[in-house]
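Listed here are the chains, written in short residue letters.
There are 2 protein chains.
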Amino acid sequence: MGSVGLVSPQSMHFAQPMRLRSGAQLDDYTLVYETYGTLNAERSNAVLVCHALNASHHVAGVYGGADRSEGWWDNLVGPGKPLDTDRFFVIGVNNIGSCFGSTGPTTTNPRTGRVYGADFPVVTVEDWVDSQVRLLDALGIARLAAVIGGSLGGMQALDWSLRYADRIGHCIAIATAPNLSAQNIAFNEVARRAIVTDPDFHGGHYREHDTLPRRGLRVARMIGHITYLSNNAMESRFGRELKSEVLGYTTQDIEFQIEGYLRHQGDKFSEYFDANTYLLITRALDYFDPARGHGGDLARAFAAATCKFQLVSFTTDWRFAPARSREIVKALLDNRIDVSYAEIDAPHGHDAFLLDDARYHALLRARFERIAEELT
Amino acid sequence: MGSVGLVSPQSMHFAQPMRLRSGAQLDDYTLVYETYGTLNAERSNAVLVCHALNASHHVAGVYGGADRSEGWWDNLVGPGKPLDTDRFFVIGVNNIGSCFGSTGPTTTNPRTGRVYGADFPVVTVEDWVDSQVRLLDALGIARLAAVIGGSLGGMQALDWSLRYADRIGHCIAIATAPNLSAQNIAFNEVARRAIVTDPDFHGGHYREHDTLPRRGLRVARMIGHITYLSNNAMESRFGRELKSEVLGYTTQDIEFQIEGYLRHQGDKFSEYFDANTYLLITRALDYFDPARGHGGDLARAFAAATCKFQLVSFTTDWRFAPARSREIVKALLDNRIDVSYAEIDAPHGHDAFLLDDARYHALLRARFERIAEELT
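One line per chain: the protein sequences are A and B, in this order.
Those letters in the first sequence? Residues 1 to 376, per this note's numbering, in order.
Those letters in the second sequence? Residues 377 to 752, per this note's numbering, in order.
It is worth saying that the hints were derived from the structure and are not from the lab.
Pairwise CB distance ranges (calculated):
| hint | chain 1 | residue 1 | chain 2 | residue 2 | range |
| --- | --- | --- | --- | --- | --- |
| 1 | B | 393 | A | 343 | 51 to 61 Å |
| 2 | B | 626 | A | 11 | 24 to 34 Å |
| 3 | B | 377 | A | 205 | 53 to 63 Å |
| 4 | A | 369 | B | 734 | 53 to 63 Å |
| 5 | B | 636 | A | 336 | 32 to 42 Å |
| 6 | A | 333 | B | 626 | 35 to 45 Å |
| 7 | A | 334 | B | 456 | 50 to 60 Å |
| 8 | A | 272 | B | 382 | 53 to 63 Å |
| 9 | B | 734 | A | 373 | 54 to 64 Å |
| 10 | A | 268 | B | 393 | 36 to 46 Å |
A short list of chain A residues far from chain B (calculated; beta carbon distances all over 12 Å):
| hint | residue |
| --- | --- |
| 11 | 6 |
| 12 | 136 |
| 13 | 207 |
In this text the structure is predicted, and so the values were computed from the model without any measurement.
Glycine included, each C-beta is placed from N, C-alpha and C at the ideal position.
Put together the whole structure using the sequences plus the hints.
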């Protein structure tokens, strides 16, 4: 098993306006993407990888001259890996509204000549999928062998299966949910409030004030990070381990190792992630709810699906618990749709979908072998 | 079952310095407290109620001229109620470091003549219990029939049983834990960072700057509130209910009812609770760990206990889960100590300890009847 090696992002400009679910319109936009492997002559071996909150189009491989630049799913995607780039043409796209190159709050608003900032419109999972469809049209790919994603990426994969049923062979939705619970929304909302009430937020136009709402982003990331890890993982990794052997009796300095870890995660995040993007992407999570247009009946929503499904959840994931995946499985079974479901006994919580668990990867390898066989 | 009716807080000044666990010293201090019922001639029917993070000495009854001024455990304490003030002399004490009258960050530092603010020393559960002991000495109460508390209040009850074993007949520890988990500390730490990094915090001397770190307190309370409620309670009460029928496609305005609820809780809290107190009390939670002085062996820690124990947990409490109470029960059983344990099937999460659940209150009623019989 190897790496896809050195990769470079590509970009494509779309001059045709796109109407968003909010009613707003993007007059034009750019998508940044990467591809790995080779599109076959039948153009049938393409697999789209959808990213979650803070990831990007950079799924696999490394950038030249950059240490530790492996893509976020590099353990899954590459020659001989479960999603085998010797067999599949893999595409990663940075979603609009994100902050890694595609049109979003950090890019220039053509109407004003200034950075969008808070003026960038609210985007939804459906908007992202629509924009991904346009990219595939431009690449001449009429049908995807599969769409795969974890967490928010899984929601995009589900939306593909519902609204572009004839353009997708397999939907692989991992550690995801048919919608956010009240508790999920609550955590998102606290994180957003931390950002929005940071005096350096300036109503979302912080770049014009030459500053960044770092305080808010740090707190937002710390909250998020707690929910990505399982209680047990946090306990076995940090427990009550102290930073030094003697208690300092302080409320502001670090006493416990878990505090230092969380602060470090918050600091890192606040330096590379855009605050407006954080607001937009958590909102896209909140809004996703395919049953909403069907009176809350998820089975009716999935009546539109025709592809084959692989659902995966992780036992210790309390952000998107196995019960949420089972709701999707039930809705699919109610429609007699081909679905496999695996509940992986992994200790890591929600983050498990990004990690290299043997049973999890063996399962995805088997699924992609089945998909590859169907192509021939 | 009635109310204890109109009540008034009392206060007692202690001129004798108190050395704290941190090494710091309070030269003198005041404790504010309330009592309900009548101390019997043998002075044997006193029950101490210990409060948690944001509560106070005002356990039961109402204040004259104040609407909605019921004490925080008014459903439990009163004539004919489970903790029956016709039989027991009940004492509620505001802990030092709190912000409801006892010496703390909002009171005047006698050394400087200014409000303590951030100069108030870090306090621990053990410090609180020591100060409670002094109050009981002053009231002429050599031995308590029982100490009862939930959450952080339960930790104080446990500490009483360990360090003042000969002064307590029963320890009733509800929805508590032998120490905080890494996840518990993590939530406390995020809340503290939100407060400390609020520009209006001014290093904890916000009152001198005539302001309050309301932004930080709001976020802290929102985080806390999520952890007090069970996932299911939040789901059945709010679910994905929208504020208005049409989505607004906004990241800053309220779309979902749960958002409005949390913001309201945060707003309220930021108006009445002191930020330095929040830091101190969450730190006291972090530090509590009776096994620490015994090589991490909780059973060895509880070898010092001689009173009878009642432990109670709630099935949906994920902040202090039943498993944490069971650790305490096991440590007690290892020492062949008299302990009853009830795991109440309640939907409300951690907050259940404050609510009027029939099985829960019947259990406490039975316990206090047993205690009353032992007095006669």
